[in-house]
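Visitor: Sequences are here, hints too, so could you generate the full structure?
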Amino acid sequence: MWILFVVPCPTPDGQTAEDLYRKRVERITPEMQASARELGCRFHRAWQAQDGSAFYAVACWDSREGASEFFRRWNIEDEPGEIAVRLEGDVGLVPDP
Numbered sequence: 016m017w018i019l020f021v022v023p024c025p026t027p028d029g030q031t032a033e034d035l036y037r038k039r040v041e042r043i044t045p046e047m048q049a050s051a052r053e054l055g056c057r058f059h060r061a062w063q064a065q066d067g068s069a070f071y072a073v074a075c076w077d078s079r080e081g082a083s084e085f086f087r088r089w090n091i092e093d094e095p096g097e098i099a100v101r102l103e104g105d106v107g108l109v110p111d112p
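To convert, count from 1 in the sequence shown and add 15; that's my numbering.
What the hints contain is simulated information worked out from the structure, not anything from laboratory work. Quick caveat: nothing in here was measured; it's all calculated off a predicted structure. Worth double-checking, as some hints may not be accurate.
Cβ pair distances, simulated, as ranges [to be verified]:
no.	residue 1	residue 2	range
1	38	66	17 to 25 Å
2	45	68	29 to 37 Å
3	52	101	18 to 26 Å
4	90	110	33 to 41 Å
Calculated lysine to any residue pairs in the SDA-like style (CA-CA distance at most 20 Å, straight line) [to be verified]:
no.	residue 1	residue 2
5	38	23
6	38	72
7	38	25
8	38	60
9	38	90
10	38	88
11	38	102
12	38	89
13	38	77
14	38	21
15	38	49
16	38	73
17	38	103
18	38	92
19	38	28
20	38	64
21	38	99
22	38	95
23	38	19
24	38	50
25	38	80
26	38	16
C-beta atoms are modelled at their ideal positions from N, C-alpha and C, and glycine is treated no differently.
Guide: So, in structure tokens, the structure goes:
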């Protein structure tokens with residue numbers, strides 16, 4: 016299950032795309048990475064738009080239940096204005112990571 020997370024910036028509470036990106040740089044620990052793997056996360060990456068207009072993340076989870084448990088376990092809530100889009104289909108130039 017691939018999910019695209021998009022947060023238009025600045026958020027309603029004033030966070031910038033760089034703020035959201037830095038938050039992840041500071042919060043992601045080896046323990047969090049191990050927990051994500053254990054719960055079925057196969058891929059996760061995050062970016063900020065160069066022009067500061069948005070924060071983006073893409074994740075691949077084995078199941079919705081695993082993703083939900085990860086977010087619950089680590090007290091991760093949606094960012095203000097965040098949109099999560101479940102992606103379907105799979106075509107590309109190189110294999111999955």
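Visitor: Measure nothing beyond the straight line between the CA atoms of residue 38 and residue 72; if it is 20 Å or shorter, mark the hint as holding.
Guide: Holds: residue 38 and residue 72 sit about 13 Å apart, inside 20 Å.
Visitor: Mind checking the alpha carbons of residue 38 and residue 80 for me, to see if they're no more than 20 Å apart?
Guide: 24 Å, violated
Visitor: Look at the Cβ atoms of residue 45 and residue 68 and judge whether their distance stays inside 29 to 37 Å.
Guide: With Cβ atoms ~32 Å apart, the hint holds.
Visitor: Check the hint pairing residue 38 with residue 16 against an upper bound of 20 Å on the C-alpha distance.
Guide: 24 Å, violated
Visitor: Taking the CB of residue 52 and the CB of residue 101, does the distance hold inside 18 to 26 Å?
Guide: The hinted range 18 to 26 Å holds for residue 52 and residue 101, with Cβ atoms some 21 Å apart.
Visitor: Hinted pair, alpha-carbon criterion (20 Å max): residue 38, residue 92. Please report holds or violated.
Guide: 13 Å, holds
Visitor: Mind checking the alpha carbons of residue 38 and residue 25 for me, to see if they're no more than 20 Å apart?
Guide: Holds: residue 38 and residue 25 sit about 14 Å apart, inside 20 Å.
Visitor: Hey, residue 38 versus residue 21, does the alpha-carbon distance stay inside 20 Å?
Guide: OK: residue 38 and residue 21 at ~15 Å, within 20 Å.
Visitor: For the pair supplied as a hint, residue 38 and residue 19, is the alpha-carbon distance within the 20 Å limit?
Guide: Given pair residue 38, residue 19 holds - Cα atoms ~18 Å apart, limit 20 Å.
Visitor: Next pair to validate is residue 38 with residue 73; report whether the Cα-Cα distance is within 20 Å.
Guide: Between residue 38 and residue 73 the Cα gap is close to 16 Å, so the pair holds against 20 Å.
Visitor: Assess, step by step, whether the Cα of residue 38 is no farther than 20 Å from the Cα of residue 95, and give holds or violated.
Guide: 14 Å, holds
Visitor: Is the hinted pair residue 38 and residue 89 satisfied, with a Cα-Cα distance of at most 20 Å?
Guide: 14 Å, holds
Violated hints, in rising order: 11, 13, 17, 25, 26; the structure is consistent with all others.
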